[in-house]
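S.K.: These are the residues of each chain, in order.
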Amino acid sequence: MSNTTEFEIKKPKVDLNYASEKKPVASDPSPEAKPLPKVTIDGKTYEFKPGDTIMQVAERYKVHEEIPRYCYHPGMPIAGTCRMCTVEVEKAPKLMTSCSTPAADGMVVHTRSDKVLKSRTGVMEFLLTNHPLDCPVCDKAGECELQDYNYEYGPGTSNFKEEKRVFEEATTKKLSDQVTLNMNRCVHCERCVRFTDDVTKTNDLVMVNRGWHKELEATTEAGLTNDYQGCLTDFCPVGALTWNDFRFKKRSWFLSKKPSICDRCSKGCNIEVHSDAEVVYRYVPIHNEMVNGHWMCDSGRSSYNDLMNPMRVISPLMNHQNGLHSTTLQALLGELSIQLKNASSVQLVIGTDATREEAALLKDKFPSILGKNVSVSYFNGTAGVTSSADDKKMDNLLKMKDLTPNTKGVEEQGISPLSQGEVSSDIVIVFRNGRAGIPKMKAGQKVILWGVWNHDEIKTLSSQTVLGVIAGLATIEKEGSFKNTDGIVQKFHPAIVHKGGALSAHQVVNMWKSLN
Amino acid sequence: MATINVSKKYTVKEKTYLPAILIGMKITMKRFLQGFLLRKHDTILYPEKKRDYSDRFRGMHFISVDKNKTENCTACYLCETVCPAECIHIVADERDEDQNPYGVKKEKKPVSFDIDSLRCCFCGFCEEACPKDAIKLSTNYELAVSSREEAIYDLDHLKREMNGRSEK
Amino acid sequence: MESSLVFDLTMMMAKILVILAGTLGVVPIMVWFERRGAAWMQRRVGPNRVGPFGLLQPLADVIKFIFKETFIPKEANKFYYLMAPIIALIAPLCALAVIPFGSKAIINGQEVILQVAQMDTGVIFILAFAGLEVYPVILAGWASRNKYSVLGALRGSSQIVSYEISMGIALLSMLVVYGSFNPHDMVAWQQGSLGFLPRWGAFVNPIGALIFWISIFAETNRLPFDLAEGESEIVAGYHLEYGGMKFAAFFMAEYVAMIMASGLLATLFFGGYGLPPGMSELVNIISAHFGFGAAGMQNTKAAFEFISFATKIAVFMFLFVWIRWTLPRFRFDQLMDLGWKILFPLSIINLVVVTLGVYYFNS
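Residue numbers (the working numbering), protein chains in the order written: chain L, 1275 to 1790; chain F, 1302 to 1469; chain H, 1333 to 1695.
Think of the hints as simulated: they come from the structure by calculation, not from any bench. Bear in mind that the values here come from a model prediction, so they are computed numbers and not experimental data. Careful, some of the hints might be misleading.
Between beta-carbon pairs, the in silico distance windows are [as the list claims (entries may be wrong)]:
#1 H/1396 with F/1352: 39 to 47 angstroms
#2 H/1397 with F/1352: 29 to 37 angstroms
#3 L/1649 with F/1397: 44 to 52 angstroms
#4 F/1353 with H/1396: 47 to 55 angstroms
#5 H/1564 with F/1334: 28 to 36 angstroms
#6 H/1451 with F/1312: 26 to 34 angstroms
#7 H/1396 with F/1369: 46 to 54 angstroms
#8 F/1417 with L/1595: 38 to 46 angstroms
Note that the Cβ used here is the ideal one computed from N, Cα and C, for glycine as well.
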């Protein structure tokens, strides 16, 4: 516990999906006494670490807003092909690409001189010769780097009078079930190609032909096959690659963006929840070098669908004449209190997707409310995982075997796993947030469900007696903290406001207490 | 002296009111005779005769269509974004290939496009924002409907050829 | 004797029929004229869809009124609520009975006086029934159990009571001149000429005529004295809760009262059915030309008298409409000011002056 680093997720200041620090400044291993080299950018002198490029120095000290870039991405190898980031370096004969030029001691750099701006205008004009004017249709509009940079640096007019290039087949080409390619919009930055080459190492994208006919293609018939396809659509600077799940659902400027944590696996990727009117439209990763870097996996990205599922139980349900019926929480808790008092033994099973605070609350405070001895245990439910010791990496990037976010955090409360994965008491209370599995129960077992459930899950319990369902808040709707598989504790705050009848565990416990 | 006296002293002649009444009666009699004998009216017989409105008059909305009767709208939400009354509601989806004669231009289509004319303030911002010249305001000012549901214009209603629309 | 009774009864029925048909027949024409006249004065077109020139508009209105739901407010006093429009319509119709619309006709060798009820106290009878007009206003307002109705009724009744006094005194000044309550005597007095003018009450006593004329506007609740209604502040006034034919009854009553008041004004101040100077000679010429006997000549004269009387009424009716669409509504305090501070003293002074004048001329 004492060795773990605890920090809160913060919204990045630059409203892009990544920040370009390769490593957090705090983790610099050698704050030695020897003087650091200095570089002068736009009239101010900055210290830097040997090996930093001009771009990295400028990013770190936030010189101006940012140096414009298309091909450069801090999570990928440097290509230096787009020429958008060129800056003027004194005593250098030509403009230098800031992304690939290492800063040197005594170097004097101008990022916004007339020469630089003229160069950028020229680059923009060339990029726009073939880029279609279909921003109204394009899903990227509003968060498009081409739009932003054109607004800032673009020429406003074009000398290009000829017919624009149209890729007939690749206008709306499905690269996979999740990603659609519109080649007309592509500016050939090749971030996507480098991503599959160097980050996922699946090599499933390649640029074929050259010049006017340069075209992105999948290397195999199956198209894209990696598990990080959503990231392609995040960092694509234009609308060439779009995420089918989000495609045409909402324009980006309507979305309100709040940070939270993905609860799809024990990695705990930092995400930004994009929602409008408390309806979630997508998850987007936030850069956190210690946890997820710049990326997140596709199953985590799509996991918001479980919360927006219309089958989710969002109001308290009570068993009445062999059917579950909507009721008030007070009525439900009153009824459950009687049932629990009369029960010979009560068992509480906490899913490993509960937050640390919830686990502590349920373990320490909840039994005293009932006035009864309650045996508390946790249950993971992922196939092959009973405790955090079973967790292991599923690939070279982010995916973990444990599909619940907080196994370590629940273990830390001194709760032990459910022995044999089976319950044995008269009444069992199952608390979970929709990610942990449902423990095996014998037929006719009386059970109280608490947390995030949906009706399909409840239907699988048809041989048991469900006394009631207490609707709870999902991860992005509540406040709390998770301890991920690497032992990092991450706090989060509500990203959306729950509009149904579900209440947080604290509220339910307080109400239960006031009833007794 | 902080008050301003705005009351007027009336003369005896004015106080009888009779001259003023007679002047008024003279005017109404003149009007009566003009209406009765010369058929001089300031009003018009509305449904048969209609007033000429300015070409810039902003009346009922319509969505322009191409020669295949496909709407020019690409569901870009710009009108919905700019609308100060928040009366436009669009649901977008992928356009089918066969419905897509211009290839790249129309990959997106509105599945539903509703304008709540009861909320609309006819400011014309949507027309100005539209990049495709799809939504326009016609000079048709006959917006009366017999139920609230009819006042919400759906896509079919908006695509219909509008009476008196200007093609300029 | 038997045949005489039958004849009298027949004639009586015929006269009542003439009055009823004349009055109630004029109402729809007046409604149409009021609406079209108003439209013309306001540079509008007015009702012109139903029938030629929109003349069938009143008929369409009546059909609408008949088929409307008969609605009585739940809390209303049902008896008085239903009684009010009936009284409103009956009272002015009764008053019309004593207004002569011609001197006499000779039918079947017998004289028929062209007046429904011959009574020497005719004017008193008219005043009595004209005074009854305040009751439907109060009854309707109170029985509807509606705040606005009660307010309208209170305003309307206080207005009618206030102006009835001036009207009565103005009438009294004319009674001094005529020396009779009998309308026939009054008409007879007004025959002859006053220089180049006919010897009409209006020329003998112009102030009295003016006061009487103003007062009948207030009596009939016409603009500018329609305080009992007042759409802007009390919705519709005393008849707010009335719909369908009950409202139509109020509506008709207003026009019947106008006809009655116009008839009274004509009889008292404008020579009644009397022919204007020179017309008697015309009657003689026509009779001589066609070779009528004494009876024929009298009947011709009666016909002209009726036309003369009807024309006078028509002119006053037009004035009613004309004034209505010229003047705005009075404020309540202005109305009371005019009634009590101007018309009332003026009518008293006028009465004294006229009395002295009559004394001077008679002695």
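S.K.: Does each hint hold? Answer for all of them.
M.R.: Evaluated hints:
In this structure the hint that residue 1396 of chain H and residue 1352 of chain F lie 39 to 47 angstroms apart at CB is violated, the actual value being about 29 angstroms. The supplied range of 29 to 37 angstroms is met by residue 1397 of chain H and residue 1352 of chain F, whose beta-carbon atoms lie about 33 angstroms from each other. In this structure the supplied range 44 to 52 angstroms is violated for residue 1649 of chain L paired with residue 1397 of chain F, their Cβ-Cβ distance being about 59 angstroms. Residue 1353 of chain F and residue 1396 of chain H have their C-beta atoms about 34 angstroms apart, which leaves the hinted 47 to 55 angstroms range violated.
Evaluation of the 28 to 36 angstroms hint for residue 1564 of chain H and residue 1334 of chain F yields a pass: the beta carbon distance comes to about 30 angstroms. In this structure the hint that residue 1451 of chain H and residue 1312 of chain F lie 26 to 34 angstroms apart at CB is violated, the actual value being about 48 angstroms. Distance hint check: the CB atoms of residue 1396 of chain H and residue 1369 of chain F are about 50 angstroms apart, consistent with the given range 46 to 54 angstroms. For the hinted restraint 38 to 46 angstroms between residue 1417 of chain F and residue 1595 of chain L, the CB-CB distance of approximately 44 angstroms keeps it satisfied.
Checked against the numbered hints above, the structure violates hints 1, 3, 4 and 6; every other hint is satisfied.
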